[in-house]
Amino acid sequence: MSFSATSSIALGGGSPEASAAKITSKRPKYSRFTQQELPACKPILTPKWVILTFLVSGVVFIPLGAICLFASQGVIEIIDQYDTDCIPLTFRDNKVRYIQGLEDKRCNRTITVTKTMKNPVYVYYQLENYYQNHRRYVKSRQDGQLRSPKDEHDVKSCAPEDTVGGEPIVPCGLVAWSLFNDTYDFTRNNQKLSVNKKDISWKSDRDSKFGKNVFPKNFQKGSPIGGKSLDPKIPLSEQEDLIVWMRTAALPIFRKLYGKIDTDLEAGDTINVLLQNNYNTYSFNGKKKLVLSTTSWLGGRNDFLGIAYLTVGSICLSLAVFFSVLYLAKPRQLGDPSYLSWNRSAGGGR
Amino acid sequence: MAGERNRNKGMRLSKLYSFKCLKPFSKEDHHSQIGSRGYSRVVFCNDPDNPEALNLNYRGNYVSTTKYTAANFVPKSLFEQFRRVANIYFLVVAFVSFSPLAPYTAPSVLAPLLFVIGATMVKEGVEDLRRRRQDVEANNRRVLVFGKNEGTFGETKWKNLRVGDVVKVHKDEYFPADLLLLSSSYEDGVCYVETMNLDGETNLKLKHALEITSESDYDQEEFRGGVIKCEDPNEHLYSFVGTLHYKGQQYPLSPQQILLRDSKLRNTDYIYGVVVFTGHDTKVMQNATDPPSKRSKIERKMDKIVYVLFSILIVIAFTGSVFFGIITRRDVTDDGKKLRRWYVRPDVTSVFYDPHRAVLASFFHFLTALMLYGYLIPISLYVSIEVVKVLQSVFINQDQEMYHEETDRPARARTSNLNEELGQVDTILSDKTGTLTCNSMEFVKCSIGGTAYGRGMTEVEVALRKQKGVMTPQEEIKESSTKSVKGFNFWDERIVNGRWIDQPNAELIQKFFRVLAICHTAIPDVDGETGEISYEAESPDEAAFVIASRELGFEFFARSQSNISLHEIDHVTGEKVDRVYELLHVLEFSSSRKRMSVIVRNPENRLLLLSKGADSVMFERLAKHGRQFERETKEHIKRYAEAGLRTLVITYREVDEEEYRIWEEEFLNAKTLVTEDRDALIDAAADKIEKDLILLGSTAVEDKLQKGVPDCIEKLSQAGVKIWVLTGDKTETAINIGYACSLLREGMKKILITLDSPDIETLEKQGDKDAVAKASFQSIKKQLREGMSQTAAAAATNDPANENVQMFGLVIDGKSLTFALDKKLEKEFLELTSRCSSVICCRSSPKQKALVTRLVKSGTGRTTLAIGDGANDVGMLQEADIGVGISGAEGMQAVMASDFAIAQFRFLERLLLVHGHWCYRRIAMMICYFFYKNLAFGFTLFWYEAYASFSGKPAYNDWYMSCYNVFFTSLPVIALGVFDQDVSARLCLKYPLLYQEGVQNILFSWERILGWMSNGIISSMIVFFLTIHTLDSQAFRKDGQVADYSVLGVTMYSSVVWTVNCQMAISINYFTWIQHCFIWGSIGFWYLFLVVYGSLPPTFSTTAFQVFVETSAPSPICWLTLVLVTFSALLPYFTYRAFQIKFRPMYHDIIVEQRRTERPESGTRTTSIVSGELPVQVEFTLHHLKANLSRRDSWN
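Taken in order, these protein sequences are the chains called F and U.
Sequence positions in the first sequence follow the numbering used here and run 1 to 350.
Sequence positions in the second sequence follow the numbering used here and run 351 to 1546.
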């Protein structure tokens, strides 16, 4: 595209009579604005600019894509899907009964580290086919109640998890009620790997959304019990698992931060995970995965952005080439009048 | 009454203003009906306390023209607003938003709706307030009324006047109500009235009081005991039926005694009158109907698009709710024993999610979805368009190039509804007199006693010669320019400066000019200081005659009720003498009589009938001995007509006393009649004396072409606009004017359709009307067929590449037109006209003008523009898609009925080619873009639903969404609609063919609209899918946090805001600081909003809490996503444009390119303007396109 600043002067405007005009004259006042002659740039898509635009975007996007891809490839990620494997073989046909029953839910998993993972290593749980963005679900919470004990009784929007025996539930609502309750304990070479569960939530959430003087009340007292219970002695602002869970996910496949491992994991390390498989994803065929991942400046591992940049960049480059060839092979003189669109579309659209 | 009602029903044309002026024609004597229904009004003069009068309880004189009152403003304006489909939808949504159905919170729905409705209401309110102020001003004007001061006249406000009051109105004051004239400062009770505000005519009208009331001076003597019984209030300005019961007698009243509200007393010191109608009962208020509201084609099409969007809305909402129903039903299996998605508690749920009642739930969900996807319907579209159009009108009003210095009139867009329609005009229907011509008549030639006087060439002659290639000989006598007199452009050394005395036919010349000086209704106005005389005349022709006779020595200087006084040069002595003619009768001019006469007694005590009129009626009234110069005069008249002059035949006769006495009796009888056919009887009586006339000669006045008319017409026809001229002129005159204003050109084939053939004339003489009609019909049919075959033959031989495309011009006269407009021939006539590049209808009446306009409008379906200046054009102006009034000399009536008013015909070129083109383009682009941006946004919501199990959760925070239309995207669109220009005004005028973009509706064709819509949907897909894949489940920051609902929403929403604003930036053609400001400002404002809104406590900001500052801004991936998504979403459009410019460039693309390439060569800009020559390529284009145009026409 090319830009040219034209500063045109009115042709007939500002004639001498105007200056000597009578006071009563209705002559419109001259200004570039009213005469629609403001200086302006008028971009035109000349071949030069078309090719240049495509070329430049290609040249910028391809390296960008490469950088992104490189960053993503540098992230080491271990995913372990355990939903089926953690069901004893006898219960495989009726997983739901197992998960809802009182059987021992412990489950041992072994993870092998293939490449060195520099600390911090982030531990996530990933749920699939779980609609945390369901409207009924999302709406079922009360921000005021989370923030201040004053609003404890304000549980209108939380139904059906609003009250137990007439007493309000804190925190109320489906979101809190369905809190994820699988737990992971990591050991490496029979040594416990400590998982740091501090600072896994957003600071602003801890400071402003969840009150320091709000304590869980009547939580998971009703029936049925949804998920994890909360220690009624710890204020909500320190219940980081809850805070993380309450930031609902946008899509049905999501990860949530479980904790951080603050030591490096070496290549070849074998990590044993003692897992409490409590959470019911079986009734809706949801998958559960444990994820260990490092991060780059771009975040976790996802090649999509890099590939997308590379793709768009190459489309631009090929378009640049295509248009160059087109203009070379079939040049159309600028302003050539023999191409007039409505000749062909005459009568159209009426 | 019943009869009258039926008649009205049958006559649909009565809606047209011009037919309203026609007197209701009825054989019945309305006076006999006084007291019955429709004629029941009783006015007790000056007797306000009369119990009967109080009983009647007529309305007061308070007038209110406002649409609203303080009390009903809110409900009424709201009702007006909600007559629009889209607004109703939003209202329903607003109500439903309070129920749990709503996908978002109620305030976020209400806020934008209130904003939009509020803005429109404020606009309405301001407009109404202005009207109210005018009302207050009028209502509080003061008037002298009897009885306020114990038996004398005292001041009161207009609004306090009551029916029956006696008022005194002074010179140059307006009448406060409809009054019955009692008496005036003149002894005989006459007064002059200016009715400019009523009908726009500037000439003065004479009114007289009844003799019985006119003799008293009501300052001294109270007017009491009179009772007026008259018609009920009605809108007929020129009729009044009533009787005055006074002193035991009955006196019939006529319009002659009625002074209408809003007209002005002139040339009369004061009058007394009785209030008959007050306030809204007055004729002027009864007439105040709103002009027919016109809507542009684009707007009508826009409604259709809104319906399309509604259908899309319903379809996607339906799809969504079906899926929702299926998914919801599956949540409970095994008869309620197993819960699938236990976390939403499907076992204890409200009906909206109840898996057991899934069908009902999905129905409710459908309603929710209708609300959720409501962003497809642009809530602010209507209000934005209104704002844009008002601003566009401001630009039209402010254009200096359309300002006329002489009359101090700028162009005025009287309605802003039709701006873009100006860019789509296919046919212009133009009046001639006053529109193409100046309507200031100049006396240029005359023929007296068979001798032609007057040298000099008319413009038409000059133009004709120029076309024939003959250079104009410079024989003009410069002497005449020594003193230029307005209305007089006559030079002949034999006559001027008193030299006519030496002519052999001096006596004839004297008689000739005496007729001109006496036979008229002008009023002299002597300047007190200089003694110079100016005239106020009913028509400019008459003024030209009086001025001419003054210049040649017959100075009319005084008129009284019964006398006309002249300063004359005696042809024997050559001295100036004053002569007084006693004026006995004026036989007035009317369009049916086509002549006017006066009967005077000259100082020699001889009775003379002086008469002037159209040749068609005058020659048949000549006496046998009066035809001495008939042949020569007819010859001259023909030549004058060819030169584009208006001619009148001048005659006189002497009347002997006896004949006069008998005739006068009859005439007076007819005059005093009060029945409806009085006029017919008067005409018949007048007819009896206007015979056996003696021919003196004829006059020829020139109605000069307005400046720039030929060039303007040339330009417009280059732009492919067809021009029809509808005129009352003679065929020859019309044809010649046609040539003069380059409507007809040399080399153009002329098709003449006329009924002036000998066989029809002979039939007419036999008087068999049916036979004439039949023969005429056949003849017109034949002529139309011939015309068709001619054009068809030409079209067949025309090679598009051929330079000499045969052009046709059609000339048809009024009589033929009546037959051509017949249902049976209509189609063929239209077909033929569509093949001709210009059409001239001569001798057409106002009614025909309106009919032709309607025919063209409905027959072709194209946009028509009518332009005219006089009351006779009003019907045409209102009938056409666009009415343009010339605010020229002939009053304001046409302007009042018009949509646009310009001072000169030539401004039409700029109005159409520049403003029309721009406005069309702007509005078309704006609407397309509007739909684009709303689809681009609305569909992201839909895609998100697919990932939220169609539960109705929007992807964004409620307040982001409600601000979308109002704050983040509205100003750039308005800037587009107000300021965008594809090419500059200069290029618009240089390449008139550009105008075809509008005529062929290229920018608002369905392909284009659907193109933009699909672009919107594609953008939404790119935005959505790229965003959800880059912000997948992995961490999106170095600190391992994952992107949740709020981050995804913010990122996606930012992408949408960036995309639609950048789309605007790459699709507009004109970047001033305003555009930069608005486009980048909108994006900036979004971030500002985000920061401010995000810093509110979380109970208000919910998901937006700190989302930008803490969460997404520090994340590089969010920014990289934004860049990628915005660029990719623009890529399809950009690529499409690149391809389009390469393979199918639009005309304006070429022009812009051309300008770019030609500029380095042409050096400074001014030279390229001055040269004004079209580059060779463009010349070629023009031919190419013309050929295409003609081909297109022949297809239609």
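By construction, these hints were calculated from the structure, which means they are not laboratory data.
Don't be surprised by glycine CBs; every beta carbon is placed ideally from N, CA and C.
It is possible that some hints are incorrect.
Calculated lysine-lysine pairs in the BS3-like style (CA-CA distance at most 25 Å, straight line) [unchecked claim]:
| hint | chain 1 | residue 1 | chain 2 | residue 2 |
| --- | --- | --- | --- | --- |
| 1 | U | Lys1119 | U | Lys988 |
| 2 | U | Lys1054 | F | Lys330 |
| 3 | F | Lys260 | F | Lys221 |
| 4 | U | Lys1388 | F | Lys197 |
| 5 | F | Lys95 | U | Lys688 |
Stretch-level coverage of chain F by chain U, calculated; a stretch enters the list once three of its residues show a Cβ under 8 Å from a Cβ in chain U [claimed, not checked]:
| hint | region |
| --- | --- |
| 6 | 102-115 |
| 7 | 133-144 |
| 8 | 318-326 |
Any of the earlier hints contradicted here, and which numbers? 1, 2, 3, 6
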